[in-house]
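Protein sequence lines correspond, in order, to chains A and B. If you use full-length UniProt numbering, the first sequence closes out at 328, no skipped numbers anywhere. If you use full-length UniProt numbering, the second sequence closes out at 758, no skipped numbers anywhere.
All the given hints hold, so there is nothing to weed out.
Below, in silico cross-link-like pairs of lysine to aspartate or glutamate (EDC-like), each with a Cα-Cα straight-line distance of 20 angstroms or less:
1. A:39 with B:70
2. B:647 with B:24
3. B:750 with A:303
4. A:39 with B:129
5. A:39 with B:685
6. A:39 with B:206
7. A:39 with B:132
8. A:106 with A:77
Listing some non-contacts, in silico: residues in chain A with all C-beta distances to chain B over 10 angstroms:
9. 14
10. 68
11. 184
12. 188
13. 195
14. 221
15. 280
16. 285
Pulled a few chain B residues facing chain A out of the computed Cβ check, cut under 8 angstroms:
17. 132
18. 139
19. 628
20. 666
21. 672
22. 674
23. 680
24. 684
25. 687
26. 689
27. 692
28. 693
29. 747
30. 749
Hints are computed from structural coordinates only; laboratory data are not their basis. Just so you know, even glycine gets a beta-carbon here, dropped at the ideal spot from N, CA and C.
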Amino acid sequence: MRPFTYERATGLREAAAAVAARPDAKFIAGGTNLLDLMKLEIERPTHLVDISRLPLRRIEETSDGGLHIGAQVPNSDLAADARVRTRYPLLSQALLSGASAQLRNKASTAGNLLQRTRCPYFQDAGMPCNKRVPGSGCAARGGYNRAHAILGASEACIAVHPSDMAVAMTALDARVETILPDGRARTLPIGELHRLPGDTPHLENNLAAGEMITAVTLPPPPPGRQLYRKIRDRASYAFALVSVAAVVEVASGRIRNARIAMGGVAPKPWRSAEAEGALADRAAGDRSYAAAADAALSDARGDGHVAFKIELAKRALRRSLADLTPDR
Amino acid sequence: MTSDPIVQATAGAAPGARIGQPVDRIDGILKVTGRATYGYEHRIGRAPAHGCILGASIARGRILEIDVREAERAPGVILVMTHRNAPDQPEFGAAVTATVPEVFTRARPVLASERVRYHDEPVALVVAESFEEARHAARLIRLRYETEPGAFDPVAPDAEIYRPGRTNAGFPTDSEHGDFEGAFSVAPVQIDASYRTPFESHNPMEPHAAIAEWEGDRLTVHTATQTVANIQAGLASTLRVPPENIRIVSPFIGGGFGAKLILHPETICAALAARVLNRPVKVALTRQQMFANAGHRPAMRQRVRLGADRDGRLTAIGHEVLASTARFEEFAEQSAVPTRALYAAPNRRTTHRLIRLDTNRGEWMRAPGEASGLLALECAIDELAERLGLDPIALRIRNEPERDPELGVPFSSRNLVACMRVGAERFGWRDRPLRPGSRREGRWLIGYGMAAAIRGNYLGPGSARVAIDAAGQVTVQADMTDIGTGTYTILAQVAAERLGVPLDAIRVMLGDSRLPRTAGSGGSWGATSSATAVHNACLALRQRIATAAASHAASPLRGSNAIEAHFADGALRLGARSESLERLLARIAPEGLAAEGSAVRGETYRTYSQHAFGAHFAEVAVDIDSGEARLRRMLGVFAAGRILNPKTARSQLIGGMVWGVGAALMEETVLDRRHGHFVNHDLAEYHVPVHADIPDVDVMFVPEEDDKGNPLGAKGIGELGNCGAGAAVANAVYNATGVRVRDFPITLDKIFPGLAAG
Ligand SMILES: Cc1cc2nc3c(=O)[nH]c(=O)nc-3n(C[C@H](O)[C@H](O)[C@H](O)COP(=O)(O)OP(=O)(O)OC[C@H]3O[C@@H](n4cnc5c(N)ncnc54)[C@H](O)[C@@H]3O)c2cc1C
Ligand code: SF4
Chain A
1 MRPFTYERAT GLREAAAAVA ARPDAKFIAG GTNLLDLMKL EIERPTHLVD ISRLPLRRIE
61 ETSDGGLHIG AQVPNSDLAA DARVRTRYPL LSQALLSGAS AQLRNKASTA GNLLQRTRCP
121 YFQDAGMPCN KRVPGSGCAA RGGYNRAHAI LGASEACIAV HPSDMAVAMT ALDARVETIL
181 PDGRARTLPI GELHRLPGDT PHLENNLAAG EMITAVTLPP PPPGRQLYRK IRDRASYAFA
241 LVSVAAVVEV ASGRIRNARI AMGGVAPKPW RSAEAEGALA DRAAGDRSYA AAADAALSDA
301 RGDGHVAFKI ELAKRALRRS LADLTPDR
Chain B
1 MTSDPIVQAT AGAAPGARIG QPVDRIDGIL KVTGRATYGY EHRIGRAPAH GCILGASIAR
61 GRILEIDVRE AERAPGVILV MTHRNAPDQP EFGAAVTATV PEVFTRARPV LASERVRYHD
121 EPVALVVAES FEEARHAARL IRLRYETEPG AFDPVAPDAE IYRPGRTNAG FPTDSEHGDF
181 EGAFSVAPVQ IDASYRTPFE SHNPMEPHAA IAEWEGDRLT VHTATQTVAN IQAGLASTLR
241 VPPENIRIVS PFIGGGFGAK LILHPETICA ALAARVLNRP VKVALTRQQM FANAGHRPAM
301 RQRVRLGADR DGRLTAIGHE VLASTARFEE FAEQSAVPTR ALYAAPNRRT THRLIRLDTN
361 RGEWMRAPGE ASGLLALECA IDELAERLGL DPIALRIRNE PERDPELGVP FSSRNLVACM
421 RVGAERFGWR DRPLRPGSRR EGRWLIGYGM AAAIRGNYLG PGSARVAIDA AGQVTVQADM
481 TDIGTGTYTI LAQVAAERLG VPLDAIRVML GDSRLPRTAG SGGSWGATSS ATAVHNACLA
541 LRQRIATAAA SHAASPLRGS NAIEAHFADG ALRLGARSES LERLLARIAP EGLAAEGSAV
601 RGETYRTYSQ HAFGAHFAEV AVDIDSGEAR LRRMLGVFAA GRILNPKTAR SQLIGGMVWG
661 VGAALMEETV LDRRHGHFVN HDLAEYHVPV HADIPDVDVM FVPEEDDKGN PLGAKGIGEL
721 GNCGAGAAVA NAVYNATGVR VRDFPITLDK IFPGLAAG
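The shape of chain A in the complex, shown without the other chains (with noise of 0.2 angstroms):
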């Protein structure tokens, strides 16, 4: 771990100016992700700005009756809210479907969405990897990538973005508030907070330096049914090798309205349009849903280990969409 300085933040505009004010300086919310990174060296802030106190814990209703969740609200505690069980259950799902208990109780709404990738050559200061060192090459191509994406990846860069809460927050319409240095607050589609790795995977999202997450906004829930589907290899503390977040209104037999995101399977949480266009209007049945998985998939490239996950995903798809719709 290289040496920094670490200050504590008093307020929100504080916190971002003076991020804004070190070209090395970085949010540390809940650390679960940014200390384990900084102690092999991959992230090396000089300073840290210690966002964890200011006052983002709560979680308020909205005039629109969406949600407002303060960026430092914990994981648990969001999966707990009674609001979000009865009113959001994917999002409830997707949270305690992710990490443990106790990284739960830690990890923050913000710190969550920008958890970094767990490709285990970018968390390895001796391999090549573009992330992280940019132009050196990337050595899950043709490496250990089982793991890896089949969706939005390049040339450069194959890595996942691993959290779960965010796929959820993706499939409902989330919007991500900030707070720049100078003040200002601006919204953001939860879909255009993190970005395709293109030629750049370096660049993770679309934030200003020293731009900070001040809360995440629900709208009101969605029609229908909601659910948060995670593949994985062992019975939970594992990330996702493919997870669904869908929500589908069925009216006499027809899909009125449905929402899909994948996660596991890009290098952001993965809304798909293909999917969603494929169901809209279609009869609830089989023949719908494989057209969906179909259609979400039709751009899938999986080179070497991870090449399985196309069809993992379509089956996933399916088989949610299916459990959705029990009754058609």
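Mind docking chain B with the ligands on chain A? Use the hints.
Relative to the frame of chain A, chain B with the ligands by itself:
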């Protein structure tokens, strides 16, 4: 300095706690209250400096340049040690096979040359005032290497295969009885199946750690080891110091599983740096470093061929093992050895071959031989049962041998059949789905599987000392270790029973090279060997007490016949007279009395085939779409001689069975075939079962006493639990799905392609 670790049962301990009782661990309170001190935690007189190892970022080649200037200038740094300034050490020397004792005691120099033999091999040690400073400075070292092409594919088709001289633990490399090829080729029913088992890593919870302190030419090392004597001897060879000048202290160990049998780099680094600095130095491996530097189970390809008649009688049994080893030091896991004793068949062949890789050496990982070998053999037997349309238990019973099928000697005791029968009854085996893939509950396919367990029973020579003082306090001493298994407790039980005193009168001191030497904890022999030594020491002490009581002028029992001594309830009865030990000793031996006893291998070690046996039963559920395989419940029934403490024994066996679940379903250390490094080198990426993976595990014992192995009638159990356990789970996955995966671990990507999308 906590150099005299003493573990004593609390006064409330069950007074009648004897051998065979489920006594709570006497070190339990110390552990749960944080007072049990582990290797890295000992407080010693002078504040130690902290070392951090830097590992090579190549797997094979030479260091061309190493620039430590920036590291040396970093805050807190006291020493940067590399091959250029490390104290002179003996050569590593030519490859030693695992069969000779030198493998345990040889010099293992570190930072000794510019050669790199495996990825993450230490290339520098930074010592600083704090661990953080040392770790940071280590990253400031600049290295330039000349990389040489290495071999990293354990199953490369073009690899050079060779035959080791012996296997680990000294078994013959090959065995051949009758005409295997001939019998197999004409067998009416044949199974010819190849199984792949991966590299696996022990991952004890406590990483390898050491604190070294020199006083003049005498060295004290606080560390975590399974076998104190190995570390002492290994350090003596490496440092060129007489062993008697080295003291090893290792009272509590956070798991070993075979990874803590020999010297590893952290201990040597600590000792070298402490000598250079004339200051205590502590060094631990990081979790990531453990994957390359603390041993692994070799990767293997195993071919099993079974020939049988239509009734299921085996006519030919063949087991050929091809395993990885290190280029610089051999380790040949004896994976075909259990096949030599498990089933009868007139024609047999077992072989072991190796492929040299540029990795670190493999090491003894819980049940070396059986853990990997039975994954193959016991799945193949299941395949044969299915081919024959026979119940897997019936098939095994049909091939139950009368005597050891290869050694020709009788078994000291063998209750495999009883284990299978008892287990079948308790588990509800008769309800198993007869046709694979035929039982479905919701989204889950349900399957049952079983497998046999066998594990060689060994005795490691050693001794123990038992003393009693004038207050009636008994002290048991040995350099034996308790690696979390319960050794402190069972030794107290043995002494309490043999001396007829309550458990809380016993103190146990272990894990110190100043104490009588034992063979330590390894090969499941720790309990039986050290308990035998304690048993014999108690007998000798009884003799001494009784003789003194019968003859000492001040003895109230004077004149009695010492032969009729009876020790019970804290008193000695000689003939008709009785006296409490306390009062007696105060009179006849105010200084106390002590005696030593030893464990030695008797004639029966050769004239009987000695094994513990068991039967595993598993029920799994496999997701119909994704292929996710999850254990639902598991039962292990074991015949392992006399059970010294059913509670600690049960824990050992459950732990072993959980290892079996891991081996079957998730454990794999992935070797990158380009860079030669273990890719998934942390506990987020190397999966072991977590609680949610182990819903229900039950253990039963079939009563057994075996007087051939040791006077206690006990057998080793530390490894028995993971012998065959993985195969039971794998067979259950097959029974659930009809998909036979022969490539371990059985992860979902290997299952679901065989499942019709549902
Ligand atoms: C062993 C293990 C298993 C795990 N398993 C899972 C899993 O299965 N599923 C899953 O989803 N997650 C999993 N996680 C990840 C875990 O969810 C994240 O580590 C956690 O959510 C990060 O939150 P934090 O508050 O600790 O973030 P920190 O570590 O404090 O920060 C993470 C990053 O976010 C930045 N940041 C934090 N807050 C803000 C803010 N308000 N504005 C701008 N930037 C900010 C930090 O600068 C840093 O770069 C696992 C983690 C571990 C260690
Ligand atoms: S996949 Fe991305 S993160 Fe992983 S090694 Fe390649 S560039 Fe680095």
